[in-house]
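S.K.: Here is how the chains run, residue by residue.
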Amino acid sequence: MNKVKGYLAISILILSWCALYWLTGSRTPWNSFSSIRHEEGVTVYLGDIPTQNYDRMGFTKAVVRYTSAENGWIVGTERGELFLFNHEGRQLWKRNLGIGKLISLCITNDGKLAVVGEQSPEGNLYGVNIHTGDILWQYKSSDYVGSDVSQRSYPSVVHIVADKDSNIYANTYRFLMRKDGVRAYTGRMLAVSKEGKMLWQFPKNEAIDSWINWCDVNDKNNRVVISTSAYDFRTDMTYKDTMYFIDKNDGRFLNSTFVPSVPPFDNTVMRGSPNFSADGEVLAASCSDGRGFLFDKQGKILWQRTISQPTQIDGAWINASGRDGFATPYGIIFTTINTYNRENWQLPTPMEHPGNNSIFVFNRDGTFRYQYRADGTMEELSFVDSLAVCAVGRNVRTHDYGAHGALVIDLRNGQKRAFFHTEGPLQAIAVNRDGSQIAGIEAPAVTPQGKIIGAYRLHIWKNKF
Amino acid sequence: MSMRQLWEGADGKDWLKKLNGRTKLLFIFFFAILMITVDNPRTLFYLFTLTLLLHVLAGTSIYKWKVLAVLLLLGLWGSMFSQALFFAQTPRTPLFTIIASDYGFLGSLTGGLYVYREGIIYGAVQGLRAAGMLALGLLVCWSSDPRQLLQALLAWRLSPQLAFMLVTAIRFLPVLAAETGEVIIALQLRSDSKNGRTAIVRHLPYIIKPLLARCLRRAQTLALSVVSRGFFLASANKQKEEWLLREQVCCWGLFLFTLIIVSSKILYLLSEQGLYFGFLRKIYDWTIMFL
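Sequence order for the protein chains is A and B. First residue of the first sequence? That's -19 in my numbering, and the numbers climb one at a time after it. First residue of the second sequence? That's 33 in my numbering, and the numbers climb one at a time after it.
FYI, nobody ran anything at the bench for these hints, they're computed from the structure. For glycine and all other residues, C-beta sits at the position ideal for the given N, C-alpha and C.
Anything over 10 Å on all C-beta distances counts as not near chain B; from chain A, calculated:
no., residue
1, A49
2, K220
3, K444
Listed below are the simulated EDC-like cross-link pairs for lysine to aspartate or glutamate, each with C-alpha atoms no more than 16 Å apart in a straight line:
no., chain 1, residue 1, chain 2, residue 2
4, A, K92, A, D114
5, A, K444, A, E19
6, A, K74, A, E61
7, A, K74, A, E50
8, B, K314, A, D114
9, B, K49, B, E274
10, A, K444, A, E20
11, A, K74, B, E304
12, A, K92, A, E175
13, A, K74, B, D317
14, A, K444, A, D390
15, A, K431, B, D134
What the simulated footprint calls covered on chain A by chain B, stretch by stretch (three residues with Cβ under 8 Å from a Cβ of chain B suffice, anywhere in the stretch; the number is not a length):
no., region
16, -11 to -3
17, 65 to 74
18, 109 to 118
For reference, chain B alone in the conformation it holds in the complex (with noise of 0.2 Å):
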């Protein structure tokens, strides 16, 4: 699979390429609002679990998925290291020691280097949000042609000319993962050096140059292909993809079901600050177990 392939929405089940562009998108800034208002890490856990089922039920390939690993890997271990190592907040439970207090040099200038239990706690809710979130946008890029992204923001009245920069943006994305992949391999050609990890480092710092040369190049003949069509003209914009009730009520359904959680985070946190009403104890008691 091609570096282009790898990031363009050509893959993924029916089911899920015949989703409305409106369906997608509100899920997924739904999905967004559910990430950062709970902070209770067994349903943070639920909600990433919801969306690596999703990949698999959308058929995401097996290249994918590897791709898809690499990066939630990075983003969910990163974050528990580091909150493990420089955790800040009391209490703290060191579970080892890498480097004693007592050490030396070493132990007098970092005051000791401990692996804090709270600290992964700490990193794994931060890392299962960035990873929940980064699964399903993957899974809404991969499945999703950028045509249906733009009627759906045409849909919402968005201007034509914002809703064309954004989905170019996500559109330009493969696009630049090739460019870089072709301007590498020219460089790699002209240097005669070998393939592997190493060739392609010592040729990053000159990529910039012939990259951004592209990228002008190709945004000239775009913006020309978008005015001789008439991209912009009033009746390019009347068609517009039917919304199947189905979806809008699955929409609606979402929307009720944030706006439950959220509502009920917001209470609980004003209690906190003194506006509490003791009837509603048993949604404050909801949170603090689940949110």
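Bound conformation, chain A alone (with noise of 0.2 Å):
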């Protein structure tokens, strides 16, 4: 009896030594828990962070884009780290960037040079070789708008863009909560080269007091355009307007535009626009009150569109701000987010503003041509010929978790050509040239009865459309 036990014994060992060469199959980094391969395309792992409740305002933020250098993806995470991986998700070079957040991220023309924007006490802006993940230069942003520990004000890098001469323009901002309720702003634009040189501040030699979300650049018509974007309006402010020009070589100011606030609101807030066209001649912004606008590149209004309108119910004032406003050969885009309770943004509404989540695309003149709807918040817009890659993220009015996912939309006619599902909202994404590839990365969130869904994780999705 005792030597069949032993022999048995040795079977088992041997049963289970093929069963951990099957366990142990993946060559991939064990210490990332190895990329998982599926039907769709390849899932990679980008560490853990803290898991954020899904109702909130702020939400875990990621950063990502293609480049087309190393035909692969550079990542920028919440941890500080920065990775590029290849299509097959495989971590080709992986940076730690110190303690700050990635928010912003650009790849220049010319595929080589990744400017990479953080939320720190420092608020670094870092230029990345991407070939090899060498600093090569690097800027605080501590230095142009200041930095207040103790308050938790930190400063932040808060878009990035790059012209066709890979130069450099970075929106630099820090807000903080003053005891006695008021809101200051510090924001500043810097232009660096390349080579890491600083071209100009604008600024020169004070800080814009409101808040500067966004900017664009266009080498058609040499101009910078950042856009204003705090929610209360002071008239002592200084920078009172909603967009300012700046000419891009020498970072001279050329000209500003105010655009009207509308009620209820105090102010007119652009935070995710203006960009140019390609051709330069017009510009798109979406508010955060509902409008969509084009302009010309003077910023002179062409014309404006309500795409969401401030419904007041039992009081309070429902709507869902629009956010996203591009100019391209397929129309002229404008998108909205959530709906929100002005009254109290983190207070629940009970229902949905028809104009939410949504995609409106216009003729060039005007005209309408469609809306499209998504069952959750457009978190990102990229673009490729004619499909518009969209990260869909959170519903947090109905909870639908079968949002979340990259969808993709033919601009051509509104219609839903693909749409690659995960289990947290999607907050990042981006296009590879061809359209062939997509990336997408996705955060874990913690939903009203407690439970955890998804995980922090980069989806590299073969389009097939």
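If you follow the hints, you should be able to join the two separate chains into one complex; please do so.
M.R.: In structure tokens:
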């Protein structure tokens, strides 16, 4: 009997050896739990991060861009890590850039330089060699907009764009809620050459006393535009206008545009726009109050449309904020996000605004073509040819978790071409040059029932359309 | 095979028994460093397989294979099962549910009990580390005369007292096993209980005192014999076993290999902490892939 038991043990050991051979089969890095291949593509885990509540206002961030020079994906995370992955999800390099959250990313025209912005006590702006991962240069935005760690007022590089010569234009800002309840804003634009030489700052000798969330540059008209996005408006503010136009070569102020606010808002706020058309002739912008604008390159309003009318219900203003604006060859595009109660943004709203979570497409002459409504917020859009690729994130009103994922829309007719579902909300997205690969970053979230859905991971999908 | 024979170093093929104690100790030392350094499951699996191959080459007897199999299986599957059930990191993917979170009192108490895919892999990695070292340790233990190890330690100018105590500790294991067996037999005979596992378990609480007494007696005899033979005299330590050049070359080779592996890993870990150098990208890449 003992003999049988002994041989049985040896047999089980041999079977275990075979099982271990199978279990340890993946050659991808163990410490990132390996990438998981599936029919639609590949998924790569990006590490543990604090899981946020599903309904909260600010949410987990991440950035991803395609780099043609390396034919891969640059990914920046809230953990302060920057990665280069290939299409198979293999990590080509990884850099830990410190304690900051990486919140903005731009790849230069030649695809060789990644410019990364972070939110941290220093608010660094990094120029990183995409091939090697080396930091070529860096600037501390705290040197330009200050920092107050005791008040948790950290500088951030919120948005970065590059022109065809690979010069970089970055918005840096810092926000502070004073004890008397007044919001203090400090913003500045930095222009840096690809070699890391500071070209100019705007304003030169002071800071903008408003929130500056967005900027764009155009090589045809040599202009840089900065939009302001402070929700409150004070008469003592120096920078009251909605958009400021600057000469991209020397940082000279050219002109500004003031867009009057509409009730119940105190100010016209542009959070994710304006953006120039490729020919530099027009500028598309969407405002938080639900208006979409097309401007000429000087900032003169060509037309405006209401895409989401704020509505008063039981004394409370309900609206779906406008956010992005794009002038593409396939139409002028505006987007809206979730429905909010203006009286208290944190309180749940019992209904959805009919214009929320949508993209609205107009012809260049302002005629309406179509609205495509998603089931969750379109967190980010990326374009390739006639396709718009959207990262669909949370819907804090319906809690429709099936809405999360990457949505591919044909801009010619507004038809859905593909949808790649993710368990958690998709927070960032990018597409390669021919549209055959899409990369998106999913974030984990705690549902109101206390369940964790999703994880912090990168998805690379094969887009067959 | 008696309990004492099982743990004594008298088994194995000649080539292994003839190896210098220093070679064996260095090999086990570098191998331990490799097992700690490597995180990649497949590489760990290959290292573990290497230890099993060494057992095959060493001609480990079938009886010892059975013991080895039981010990390895307990370590490997124990680690995998426990991690599969209690894996706390994310992401974790439930493969199947043992207790659903909404399954009455048990469900609410445990919050659900699941078998997590990532936990199995994590447990396998930890289990492979332990199993690899256990297999190699047993190989050295089963194929080495304690005198070999003693001479190796003395050759490295370790204090004779310390070296003697270390080797005695190793030597003591089979002795302790044999003594325990004898005490249990004595207890069984006195109580007139039958043979079998239940009888052994019943006597376990009573073996400490007689075992301790026998150990003390044996230690006293050992101390007297060591002193009377003049073991710690300087002249007694002059006899050194020859360490063949080819064994030394092998040890240097293994040292260099271990150094390369550890350096690659350290460079990669430093790169994660901000000390990143672009020209080392190939090394980082290699480290991620295989280590």
